[in-house]
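J.: Next come the chains, spelled out residue by residue.
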Amino acid sequence: MVINPSYEQRKRLLLVGILLTVIALVLVDAARGGSAEWSRVIARLPLLLTGSAQGWPITGGFLLNVVMGIASMAIATAVGTLLGLSLLARRRLVRQPAFVVMNFLRNAPWLVVLFAMLYLLPYRLTLLGVTFEFSPLAKAIIGLSLPTAANFAEVIRGAVQSVHAGQWESARSLGYSTAQIYRRVILPQAFRRMIPGWMNLYALLMIATSLATVTGVQEVVTLLRTTLSMESETTLVYFYLAVLAMFFAYCYPIALLARRLENKTKGDSL
Amino acid sequence: MTSRSEALIELDGVRKSFGDTEVLKGISLNVGKGEAVCVIGPSGSGKSTILRTINGLLPVDEGFIRVGEHRVHELRSDREMRPLRRQVAMVFQQYNLFPHRTVLENVAMAPVQVLGHDPEEVRERAVRLLAKVHLDGKESRYPGELSGGQQQRVAIARALAMQPEVILFDEVTAALDPETVKGVLETIRELVVEGMTCVLVTHEMRFAREVSHRVCFTDHGRIVESAPPAELFDAPQDPRTREFLAQVL
Chain C
1 MVINPSYEQR KRLLLVGILL TVIALVLVDA ARGGSAEWSR VIARLPLLLT GSAQGWPITG
61 GFLLNVVMGI ASMAIATAVG TLLGLSLLAR RRLVRQPAFV VMNFLRNAPW LVVLFAMLYL
121 LPYRLTLLGV TFEFSPLAKA IIGLSLPTAA NFAEVIRGAV QSVHAGQWES ARSLGYSTAQ
181 IYRRVILPQA FRRMIPGWMN LYALLMIATS LATVTGVQEV VTLLRTTLSM ESETTLVYFY
241 LAVLAMFFAY CYPIALLARR LENKTKGDSL
Chain X
1 MTSRSEALIE LDGVRKSFGD TEVLKGISLN VGKGEAVCVI GPSGSGKSTI LRTINGLLPV
61 DEGFIRVGEH RVHELRSDRE MRPLRRQVAM VFQQYNLFPH RTVLENVAMA PVQVLGHDPE
121 EVRERAVRLL AKVHLDGKES RYPGELSGGQ QQRVAIARAL AMQPEVILFD EVTAALDPET
181 VKGVLETIRE LVVEGMTCVL VTHEMRFARE VSHRVCFTDH GRIVESAPPA ELFDAPQDPR
241 TREFLAQVL
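Sequence lines, in order, name chains C and X.
End of the first sequence = 270 in this note's numbering, gap-free, step of one.
End of the second sequence = 249 in this note's numbering, gap-free, step of one.
Simulated from the structure, these hints should not be mistaken for lab results.
A couple of the hints might just be wrong.
Said to hold, decoys possible - With the C-beta cut set under 10 angstroms, the calculated list includes, among others, these residues of chain C facing chain X:
1. G33
2. W168
3. L174
Stated by the list, open to error - Estimated spans, in silico, between C-beta atoms of each pair:
4. X:A175 to C:L82: 34 to 40 angstroms
5. X:E179 to C:L187: 33 to 39 angstroms
6. C:A108 to X:R79: 37 to 43 angstroms
7. C:V214 to X:A175: 20 to 26 angstroms
8. C:R90 to X:K25: 26 to 32 angstroms
9. X:A175 to C:K11: 22 to 28 angstroms
10. C:L63 to X:G137: 35 to 41 angstroms
11. X:S28 to C:R90: 30 to 36 angstroms
Keep in mind that this is a model prediction, so the values were computed, not measured.
Heads up, the beta-carbon is just placed ideally off N, CA and C, and yes, glycines get one too.
With the hints as extra help, turn the sequences into a complete structure.
T.: Encoded structure:
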């Protein structure tokens, strides 16, 4: 028996309490006839996860959300790095446009950006003899990556600026050039501090992939709505709960790991 | 006193403002080769600023600064400052070691990456210098694993590894626990005895008295008085010096 629980202990108790309550509620509900509904959900689970009723081939579903998340994150990381380094540039001509772009994208609702991409990007674009086709999937990936890139740029800027000013002074007094200081001293230290922010962003992005349903791609929410049109209204809540659990099971461990890394890097500032 | 022409470091009428506050109001100072000069004075009197103008970390508004053959006030970019910085090393109050590199790497990286010296030769030099500051055996530790005094001695070894002609010490014992101060001061004393040119900003009056050839007292951005330590501490001429010494001694 803990007489005087610490903050950490109380937090853990609360989490365990919530988890037990949810399990209890589900069990009670299953005993009162919910199990029949759950079996319908389980029957549709392969479809929701992979987009085909047999579970193979993978044509959509939650796995498509995962693919979209990874693709968007890859683009966002590349674009965000460029944008973030531009934010740190000494030249105004580079820094200020980057600042405007970053703030615009960071403060735009993700859903609005997605709709904008849907209507702004052409179906087909020929550039220098190369033809790009913008499928709804490509549009969704690009649309999701833009706000993520802007947020990642801020993560980079914050991490670089959090490196103690004394590091600049001592590196300069050792004769390093600005480029060398970034490469040898600042970025290696900033990199460690970026990782938690980057992972958090990925978790957020993964959740936001459900918005891609507006582009009509066969991701999990789109499939859910088509499926539900064939199901009774009482089953609806069970299906939504199942999808909620999928996202939670995928994203929560990432957020947890990110927080753990964050606490680990907190100590090495000086 | 060193005459102007043979001085290694020469400052003349140096002025520097931060915004509306004038921190240096015409500093003139000569430091000869092999000389150890201590700069003392109340906080905010511009001591650390003087050091940072000598190696160009802070650009000056007015005045003349020469180190060896480098006319520091005329250098504009870090690139132009490079030859100067290989001659002038600096040790900081907060050590400012690179926390992501081991002790040995901290000492050896700049000579290889900046001066382009042979890595094998620099490694040997770094090991030798770490032994000199009594840190043999700590080569593969990270700075965070060392005490403040040990980190400061690593910083001194890092400065020495650049084979400088001058070392600037900026209140290097101010952030240390009392019991580790002694080792750092001992290391500096050895350097002075070996003939390294040193400019030290310090609050350690006893150390200043023992180790330096000359002490400068600064107040409100000016060097009020400059004399050999025995003279300055025992028979200060200026009332401000007397007042300051009465407070700290």
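J.: Now, for every hint given, state plainly whether the structure supports it.
T.: Hints, verified against the model:
1. G33: Cβ of G33 of chain C sits 60 angstroms from chain X, so the hint is violated.
2. W168: holds (9 angstroms)
3. L174: holds (4 angstroms)
4. X:A175 to C:L82: 34 to 40 angstroms: Holds, at about 38 angstroms.
5. X:E179 to C:L187: 33 to 39 angstroms: Given range 33 to 39 angstroms: holds, Cβ gap about 36 angstroms.
6. C:A108 to X:R79: 37 to 43 angstroms: Cβ of A108 of chain C to Cβ of R79 of chain X: about 41 angstroms, so the range 37 to 43 angstroms holds.
7. C:V214 to X:A175: 20 to 26 angstroms: With Cβ atoms ~57 angstroms apart, the hint is violated.
8. C:R90 to X:K25: 26 to 32 angstroms: With a Cβ separation near 30 angstroms, R90 of chain C and K25 of chain X satisfy 26 to 32 angstroms, so the hint holds.
9. X:A175 to C:K11: 22 to 28 angstroms: For A175 of chain X and K11 of chain C the Cβ distance comes to about 36 angstroms; the hint is violated.
10. C:L63 to X:G137: 35 to 41 angstroms: violated (54 angstroms)
11. X:S28 to C:R90: 30 to 36 angstroms: Hint holds: Cβ distance 33 angstroms, inside 30 to 36 angstroms.
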